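When you get a sec, could you build the whole thing from the sequences and use the hints?
Quick mapping for you: the protein sequence lines, in order, are chains A and B.
Just so you know, we're using the working numbering here: the first sequence kicks off at 8 and counts up by one.
Just so you know, we're using the working numbering here: the second sequence kicks off at 6 and counts up by one.
Treat the hints loosely; a few may be bogus.
[Unchecked claim] Some chain A residues close to chain B (C-beta under 10 Å, calculated; not the full set):
hint, residue
1, Phe112
2, Tyr183
3, Gln185
4, Val190
5, Pro227
6, Val237
7, Val255
8, Ser264
9, Tyr265
[What the hints assert, rightly or not] Computed list of lysine-lysine pairs in DSSO-like fashion (alpha-carbon distance at most 30 Å, straight line):
hint, chain 1, residue 1, chain 2, residue 2
10, B, Lys135, A, Lys233
11, A, Lys141, B, Lys224
12, A, Lys9, B, Lys224
13, A, Lys80, A, Lys137
14, B, Lys172, B, Lys75
Simulated from the structure, these hints should not be mistaken for lab results.
Source: prediction; values computed, not measured.
Positions of the beta carbon are idealized from the N, C-alpha and C atoms, including for glycine.
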Amino acid sequence: MKRFDNKVVIVTGAGSGLGQAATLQLAEEGAKLVLVDLSEAGLQETQQKVLAIAPQAETLLITANVADEQAVKGFVDATVEKFGQIDGFFNNAGIEGKQNLTEDFGIDEFEKVISINLNGVFYGMKYVLKIMKKQGYGSIVNTASVGGIRGVGNQSGYAASKHGVVGLTRNSAIEYGQFGISVKAIAPGAIMTPMVEGSLRQMGGDNWEEVGKEFVKPNPMRRFGKPEEVGYLVAFLLSNHADFINGVVVPIDGGQSYKY
Amino acid sequence: MKFENKAIIITGAAGGIGKEIAHKLAAEGAQLTLVDVNEVALKAVVEELGLTADRVLTVKTDVSKEADVKNYVDQTVEKFGRIDGFVNNAGVEGPAKAIEDITEADFDFVYGINVKGAFYGIKYVLPIMKKQQAGSIVNTASVAGLIGSPQMMLYNSSKHALMGINKVAALEAAPFNVRVNTVNPGVINTQMMRQIESKVAPGAADAAQSAYAEAVPMKRYGEPQEVANLVVFLLSDEASYISSSSYTVDGGLYNV
Chain A
8 MKRFDNKVVI
18 VTGAGSGLGQ
28 AATLQLAEEG
38 AKLVLVDLSE
48 AGLQETQQKV
58 LAIAPQAETL
68 LITANVADEQ
78 AVKGFVDATV
88 EKFGQIDGFF
98 NNAGIEGKQN
108 LTEDFGIDEF
118 EKVISINLNG
128 VFYGMKYVLK
138 IMKKQGYGSI
148 VNTASVGGIR
158 GVGNQSGYAA
168 SKHGVVGLTR
178 NSAIEYGQFG
188 ISVKAIAPGA
198 IMTPMVEGSL
208 RQMGGDNWEE
218 VGKEFVKPNP
228 MRRFGKPEEV
238 GYLVAFLLSN
248 HADFINGVVV
258 PIDGGQSYKY
Chain B
6 MKFENKAIII
16 TGAAGGIGKE
26 IAHKLAAEGA
36 QLTLVDVNEV
46 ALKAVVEELG
56 LTADRVLTVK
66 TDVSKEADVK
76 NYVDQTVEKF
86 GRIDGFVNNA
96 GVEGPAKAIE
106 DITEADFDFV
116 YGINVKGAFY
126 GIKYVLPIMK
136 KQQAGSIVNT
146 ASVAGLIGSP
156 QMMLYNSSKH
166 ALMGINKVAA
176 LEAAPFNVRV
186 NTVNPGVINT
196 QMMRQIESKV
206 APGAADAAQS
216 AYAEAVPMKR
226 YGEPQEVANL
236 VVFLLSDEAS
246 YISSSSYTVD
256 GGLYNV
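Given below as structure tokens:
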């Protein structure tokens, strides 16, 4: 009996990075998966990888923008219609935004980052918690960031949105614990995903790999994390093994956030 | 099995949480050094586990004595040749008293076990893990290491001290691929909580228990297995990028 046999898990941002890594771990452990991403190509790629390790896996692919409330309601409704339940929700979709000083950050950019990273996470919780409350069980893992508990710089939109995700997590954990539901957040540090590669390219252009090496020098473990290392954590937090863990923000950063 | 041929030391192995950790690790194939001050209880745990002699070592230990700690570490290396995981878990709740009533003997007793005991453990285990370039240490702190509660100054402050030890040890260990983290249990169904309930509310322990449970967003005590699940995850290779962190397992209590 695998941990996620007969369990239904929704993953947003499933087309790349942390969402894809968590999806693969969940698939390996037997989950039925609803995979949501803005990029249809990304979803196809994840689907192929899922079928390579778990040929029997049942999946539902939904192209959606989490900043659109109706689209979020749509993927939640579609999940219930197809699978009848939601055991886990990895509320993960997010973007980094263009890096800039606060005064130059730009209102449109700020609103764009907030609408995906914060509004999107809120919409997801709003519709999924309603279902989980009726069921009397469920686990939600929101993707925050070290940038959601510390200052990083040049990331006004990202910092505000990820700090917001921490607030949403703590708030809903208090409300829904009594219904047997736990709400957690993870705070990844420098994990080598397409998003982090993108931000290194913003800093260093073609020289981004060198910039990356400099970037992780102060990290206690002296390296980037791997997406699958986050996948293991997410699978644990979504599983029954973590039912009594509630309202927490879990760093996975090689120790970066504690080194001050 | 995740812990086949892995040698793990557990202190406080005869207590509520330590015993559950031993059970889970034994089921995953680990070789275990079980350390406790209570020899009778320790024997009972070994019998429950039913491990063959080549997979288990018991060492009766007062962790507040440096020579005793060095002894269980030395014996582990002698028997198993390495130390892959260390559950630095032994602790006492100490007295429930107003600050003005706490004596020097009270202080030395609680700090001797909860602070010095944890420090000695890391002091002797860490060099071995550094040499191996591998290892995971999990310190059992508490939600009491993050917040205060009346009458429990010694327990609360000793667990705060452990949080500080954890942060420094993690930074010193990280370049050697050794990870150091804490778990911070809230109210868990163990003998220690039964003691705290009756000490804090003499004659009204049941009422104290209900009040504690009511304060938890999940409206219940946790079970020792629920803490053990987390400890086993942090010990495993699946947690390979997690260090310096503190994990509450408290049904949301710390968040309130």
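If you take the shortest Cβ to Cβ gap from Tyr265 of chain A to chain B, is it below 10 Å?
-> 4 Å, holds
Is the straight-line distance between the alpha-carbon of Lys80 of chain A and that of Lys137 of chain A 30 Å or less?
-> Distance ~11 Å between Lys80 of chain A and Lys137 of chain A Cα, so the pair holds.
Given Pro227 of chain A as an interface hint, is the shortest Cβ-Cβ distance to chain B below 10 Å?
-> Because about 3 Å separates Pro227 of chain A from the closest Cβ in chain B, which is inside the 10 Å limit, the hint holds.
Measuring from the C-beta of Val255 of chain A to each C-beta in chain B, is the shortest one below 10 Å?
-> 5 Å, holds
Given Gln185 of chain A as an interface hint, is the shortest Cβ-Cβ distance to chain B below 10 Å?
-> Where the cut-off is 10 Å and the nearest Cβ of chain B is about 5 Å from Gln185 of chain A, the hint holds.
Under the criterion that the straight-line Cα-Cα distance not exceed 30 Å, is the pair Lys9 of chain A, Lys224 of chain B satisfied?
-> 28 Å, holds
Taking the closest Cβ pair, is Ser264 of chain A under 10 Å from chain B?
-> 8 Å, holds
Do the numbers back the hint for Tyr183 of chain A, that is, is its least Cβ distance to chain B under 10 Å?
-> The hint holds - Tyr183 of chain A has a Cβ within 10 Å of chain B, the shortest such distance being about 8 Å.
Chain B contact restraint for Phe112 of chain A - C-beta distance below 10 Å = For Phe112 of chain A, the interface hint is violated, since the closest Cβ of chain B sits about 30 Å away, which is over 10 Å.
Given hint Lys75 of chain B paired with Lys172 of chain B - CA-CA distance at most 30 Å = 22 Å, holds
Chain B contact restraint on Val237 of chain A - CB to CB distance below 10 Å = This interface hint holds because 8 Å falls under the 10 Å limit.
Would the pair Lys135 of chain B and Lys233 of chain A pass a check requiring their Cα atoms to be no farther apart than 30 Å?
-> With a Cα-Cα distance of about 22 Å, the restraint between Lys135 of chain B and Lys233 of chain A holds, given a limit of 30 Å.
The structure is inconsistent with hint 1 alone, although it conforms to all the rest.
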